[in-house]
Amino acid sequence: MSAIVAVGDVNVAQNVGFGVIALMMIVAAVRVVSTNDVVHAALWLVLVLAGVAAQYILAAAEFVAVSQVLVYIGAVMVLFLFGIMLTRAQIGGDRDVNNPTWALGIPVAVLLFGVLAWSVLDGVDELPGVNDSVIVDRGPAPTEQLSDNFIGPYLVPFLALSFVLLAAAIGAIVLARKD
Amino acid sequence: MLAANFLLLAAVIFCIGVYGVIARRNAVLVLMSIELILNAVNLNLVAFALMNGTTDGQVFALFVIAIAAAEVGVGLAMVLMIYRNRQSISLDGLSEMKG
Amino acid sequence: MPAVLTSGWFLENAWLIPLIPGIGFAVILLVGKRLPMQGSEVGIATMAASLVIATGAAFQWIQRVDSAHDGESEGALAAAAGFARNVFPAAQEAGHSEPFIEPVIRKWVWWQNGGFEFGLGQHIDGLAIVLLFLVAFISLLVQIYSTEYVKGDRRYTHFFAAITLFSAGMLVMVLAENMVQLILGWEIMGLCSFLLIGHWWEDAGNSRAAVKAFLTVRVGDVGLLVGTAILFFGANAWATERGSNGFSIHAISGWALSGDGSDTVLLWAAIALFIACIGKSGQFPLHTWLPDAMAGPTPVSSLLHSSTMVVAGVFLVARLYPVFFEGLDILDSGVNLIAVIGGITIVIAAALAFVQNDIKRVLAYSTVSQLGYMMMGLGVGAWTPAVFHLFTHAFFKCCLFLCAGSVSHSGSHHSFDMKKDMGGLFKKMPITAWTWILATAALCGVPFFSGFFSKDEIIDNADHNGYPVFFVVGLIGAAMTAAYMTRATYLTFFGKPRGAAAGEHHGDEHGEEHEMAHVDDHTDEHAADVHGFGGAVVAGGDHHERPHESPWRITAPLIILATCAVFAGYLNAPATPFKTEKFAEWVEPRGVEVPAAEATAMLAVGSDGTASGETAPAESEEVAAEETHAEEAGAEEEAHGASGCGFDVPHGGVCFAPSLSHAEFKWSKALPSILLVAFGGLLSLWICIGIFSRDRFALKGLTTRFAPARWGHTFLVNKYYLDHLYEKVIVHGIAHPIARAAYWTNQHVLDGIVNGAGKFGRRSGEWVYRNIDQRVVDGAVNGSGLMASESGHALQPVQSGKVNQYGALLFGAAAVAAIVLVILNV
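Sequences listed follow chains F, E and D, in order.
Everything in the first sequence is counted per my numbering, starting at 1 for the first residue and increasing by one.
Everything in the second sequence is counted per my numbering, starting at 1 for the first residue and increasing by one.
Everything in the third sequence is counted per my numbering, starting at 1 for the first residue and increasing by one.
Everything labelled a hint here was simulated from the structure, so no lab data went into it.
Positions of the beta carbon are idealized from the N, C-alpha and C atoms, including for glycine.
A few of these clues could be false.
Unchecked claim - Cβ-to-Cβ under 10 Å is the rule here; a few derived chain D residues that face chain E: (1) 807; (2) 808; (3) 817; (4) 819.
Claimed, not checked - For each label pair, taking beta carbons as the anchor points, the in silico distance ranges come out as: (5) 819/D / 53/E: 27 to 37 Å; (6) 110/D / 15/F: 41 to 51 Å; (7) 66/F / 155/D: 26 to 36 Å; (8) 741/D / 15/F: 20 to 30 Å; (9) 819/D / 164/F: 44 to 54 Å; (10) 219/D / 117/F: 46 to 56 Å; (11) 86/F / 813/D: 31 to 41 Å; (12) 36/F / 155/D: 27 to 37 Å; (13) 26/D / 17/F: 40 to 50 Å; (14) 86/F / 285/D: 33 to 43 Å; (15) 66/F / 219/D: 29 to 39 Å; (16) 85/E / 26/D: 53 to 63 Å.
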C-alpha cells in the first residue's frame, strides 16, 4: 500500500474512485437521516462508515481505516443494532421518527454548509500540499509513527483517554443494569 | 485538488448529520446522526494529515474514534434506561429539564 | 556556618515551600478529624516548616545579592553549588555598578503534548523571596490565632484544610516559573477563598457573599487567560530561539523588553492581565466583592487581605512588570491605566470607609485603598516602593484584622458593629488596643512607623517620575486614611461603652452584622449544637461574659505582628540617620543588560530538573569561554552608549527588568504628607469626640439636617450605586431584553416555521402587525416594571428541555457566528 503518488490531475483512477465513493456516501448519509425505518437507517449508516474507511485508504491512512472498520462497523454498529432491538423499534416503517419541527433542520444545515464550503473553497489555495503535483511518498505505512506519537508526545492525552474509556464502560454498566 | 475534495465531502456529511440531529425524534437516530458528524470531522483530520505530511491528524482521528465509541456506549445505555422508564425513546417527551 | 546555609540548598529547594502545605492539606482532609487537635496541628506544622525554608531561602538570597555586590564571584560562597553563575561582571566593566543577579530557576516537565512541554518549577528572585516569607509568616500566625478563634466550630478541620490549601495556592503562584503554574495557584486561591468566605454557609448571606466573590474574581480571570494566551503567542518564537518557551515568565520579561514584540500585542496583553488584577485585587470598579468577603471568619479576612489573594493582583503586575512597562508606556507617557485605576481606587475606597459601621468593612475598604496605593506605585514606575508597601501593609493590615477579631471574640459579643457594640474597650482589652493603635499608626503613615517609609516613598516617587497628579491623589488618600482610621479607633476603643461592650447583650436583631448570625444567644450550648451550626460554640458558650482580654493564642500573634508593623519599615528607611535601603538592594530586579549567550543559558534551564548550579561544573569551561566572548561583545556594544533597559532596545543582549530611578528622600518633601496625615487624624478625632461624646455639637446630625451632606452620605452608604449598576442596570437592562428577544424568537420564529411555509406567507403581515403592536408598543407602554416581572417566564420557553431545539439553536448560532467571522475577515 503506497501513499498517493499523484501527478496533478493525471491520477484519474484515484479521482474517479474518490468521486464514486463520495457519491455513495452522500446518498447513504441522506438515507440515514430520511428513512422512516430505524433498522434501515442503521444499515445505511454502515455504508457511510465503510465509505469513510475507504476514503481513509485513499488518504494514505491505512491504520485509521482499519480502526474505523473494527471500531465502527464492528463494534459501534452492533451496539446500535442491540439498542434498536432492546428498545423494540418497529421493524418496518415508523410514522413518528421525525420532529414536528424537522423543517427547521434544512435551513440550518444549508446555512452551515454554505459557510463551510465557502471557507474551504476560499482558502483552498493556501492549504499546504494542495498544489503539489506530487504528494511525497512517505514509504512504509505511518503506523510506526502513529505508535511513536501515542507513546511519545501524546502520552498524557492517551492516558486521559484510557480513563475516559474506563469511566464510560463503568458508566454504561451502571446506567443500563436493572436494579 | 484531492485534499480540498475531502474537505468538501466532509462538509456535506457534517451538514447532513446536523440536519439529522435537529430533525429526528427517535433517540437512536439522533445518536446515528451524531456519528455522521464525528465521521465528517475525522475525515477532515485525516485530510489535514495528508496535506501536512505528518501523522498528527491521524492521531487525533484515532482519539476521536475512541471517544466516539465511549459516547455511543454511554448514549445507548441512557437510551435503554429512558426506554425502561418511559416505554418510549421519543425525545420530545423528554422535557424534564424544562426550565 | 553550617553547610546547609552556605550551599544554596534553600534556594535550590524553594519549591518545597508550597509543596509542604499542599501535602498538609491532603493529610488534614484525610485524617484530620482523628488527630488530637483535629488537624490544626498539621496546618501549623506545615506552615512552620514552610516558614523555615522560606527564611533560609531569604537568608541565602541576601547572601547571593551581597556576594554579587562585592564582586566576589570567586569567593567561597560563589564557588559552592547554586552560586556559580550568579554574578555577571560584563555589565559592571562597561560602567554599570549594578550586577545582574540571576534568579534561581528550576523546572520539571509535568506533561507534554504534541511536542510542547508544560513545566512546573520555581522562579526565585527578590520579589518571590519577599512574598514567600510574608505568606508563610502571616499564614502561620493566622493559623495559631485561628486555633482559638474558631475553637469548637463544627467544620474546624475543614477550616484548617482550606486555609492551608489557600496558603499553598498563594505560594505556588508566588514561585511560579511559568504562566500556567501561575494560573494554577491563582485558581486554587479563588477556590479556597470561595470555601472560606462561605465557611458558615448555613447563612444565606454568607454563601451569597462567597458566590459574589468567586464570580467577580472570575470576571477578571478571563483577562488572565486571554493575557496569557496573547503573551504566549507573542513571546513563543523569541523564547524558543533561546531554549525556553512562551509561558516562561523569565522569557516573557526578556521578550517584552527586547523590542521584538509589537506595541499593540504588549498593550493588549497588559490590559487583559490588568483586568485580572482589577478583579483579584479589588480595584475599582470590581472592588465590590471585597467588603462582602467579610462574611468569612475573621482569620480568613485577615489572611485574604494581608498577604494572599488580594495582593495576588499586585504581585502579578510586579512579576510581569516588563510587560506592563512596555505595554502601557510607564514613565514614558503622562498617564496610564494602572496609575489611573490605582488613584481612583485610593480615593473612592477611602471615602467609603467613612460611612461603614462594621469594623471589618472599614478595614476592607482600607485594604482596597492601600492596594490602590500599590497599583498606583507600580503605575508610576515606583516598583520597589510598591512592593515594599505590599510587605509592610501585610503586617499591619493582618494585625488590624486580627485585632478586630479579638474585639469581637472577647469584647463585643461577636458583633462587628462599631456604633452599637463597641467603645471604651481600651481599658478592658489593653493588648488588643495597643497593638491596634500601633498598627493604625503604621497604616496612617505616622513618621517612623513602617507605613510611613513605604507609603511616602510611593507618593514621593510619583512626583519624582513626573506624575504630579498622582502625587496629589496620594496625599489626599493619606489624609483620608488617617481620618477614617482615627474614627474607627475612637469608636472601638474610646468613648463610652455601648451595647455588648457595655455588657448588655441582645439577640440577632443585627442580622448580617453578626458574624455568627445563627448564634442564638438565649439558647445554651447544647441547643445550639442540636441546631447544628458550629459557630454557636465559638465563645465556649460563655455568652454572658463581660468584655475581657483575649487568650494568649490571640494576643501572641497580635504582638508579633504589631512589632513587625512598627519595625518592618526600617529595612528601607532613608529617613533615618542609617539611610538603610536594604530592601531595594535585595529585592529590586536589576535593569541591566545581560549578553545574549548568558541570557540564553539562563533561559534554557535544564528541563530534567537540574538547576544551573548542578550542571555548572560540567559546563563551566564552556560557560567561561562564552562569557569572555560575550564580555568582549558586550563591551563593544556598550561603547555605543550605555543603554538603560526599558527605553532603548537592548544592543544584542537581553534585559529582564526595566531600569528605574528612585527619588531621593528629603524631609522637606515628606513634610506635606506628614502634615496632612496629622490634619486628617486630628480633624477626625475632633469630630468623633464631638459627635459621640458631647451632646451639643455643631456637626452632630449634619447628614440628616444638611441636604448636600445627606446626599453625599447616601451616595457613599450605597457604595456609589455600583452594586445597583451591576444588578439593576446590567442584569436587568441587558439580560432581560435578551430574554424577551429569545422568548419572542421562540414563540414566533420557531413556531412560525412549524406552521409551514404556506401559512407563513399569508399570515406574516398580520403576524408582524400583532407583534409590533402587541409586544413592542405595549411593552414600551407598560414599561420596565412589567419587564422585570415577566423575565423569569420569558426565559422559560428557551429552556424547553427539548434536545432537538437545543441542537437547532446550537448549530444555527454556530453557523451565524461563522458567517459573521467570515464577513469580518474578508
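Going down the list of hints, with the structure as the test:
1. 807: 4 Å, holds
2. 808: 5 Å, holds
3. 817: 14 Å, violated
4. 819: This hint is violated: residue 819/D lies away from chain E, its Cβ roughly 14 Å from the closest one there, beyond 10 Å.
5. 819/D / 53/E: 27 to 37 Å: 32 Å, holds
6. 110/D / 15/F: 41 to 51 Å: 47 Å Cβ-Cβ, so the 41 to 51 Å window holds.
7. 66/F / 155/D: 26 to 36 Å: 56 Å, violated
8. 741/D / 15/F: 20 to 30 Å: This hint is violated: roughly 48 Å between Cβ atoms.
9. 819/D / 164/F: 44 to 54 Å: 33 Å, violated
10. 219/D / 117/F: 46 to 56 Å: The hint (46 to 56 Å, Cβ to Cβ) is violated, given that residue 219/D and residue 117/F are roughly 38 Å apart.
11. 86/F / 813/D: 31 to 41 Å: At roughly 35 Å between Cβ atoms, residue 813/D and residue 86/F fall inside 31 to 41 Å, so the hint holds.
12. 36/F / 155/D: 27 to 37 Å: 59 Å, violated
13. 26/D / 17/F: 40 to 50 Å: 59 Å, violated
14. 86/F / 285/D: 33 to 43 Å: Violated, since residue 86/F and residue 285/D (Cβ atoms, about 57 Å apart) do not stay within the stated range.
15. 66/F / 219/D: 29 to 39 Å: 49 Å, violated
16. 85/E / 26/D: 53 to 63 Å: With a Cβ separation near 40 Å, residue 85/E and residue 26/D fall outside 53 to 63 Å, so the hint is violated.
Comparing the model with each numbered hint stated earlier shows that hints 3, 4, 7, 8, 9, 10, 12, 13, 14, 15 and 16 do not hold.
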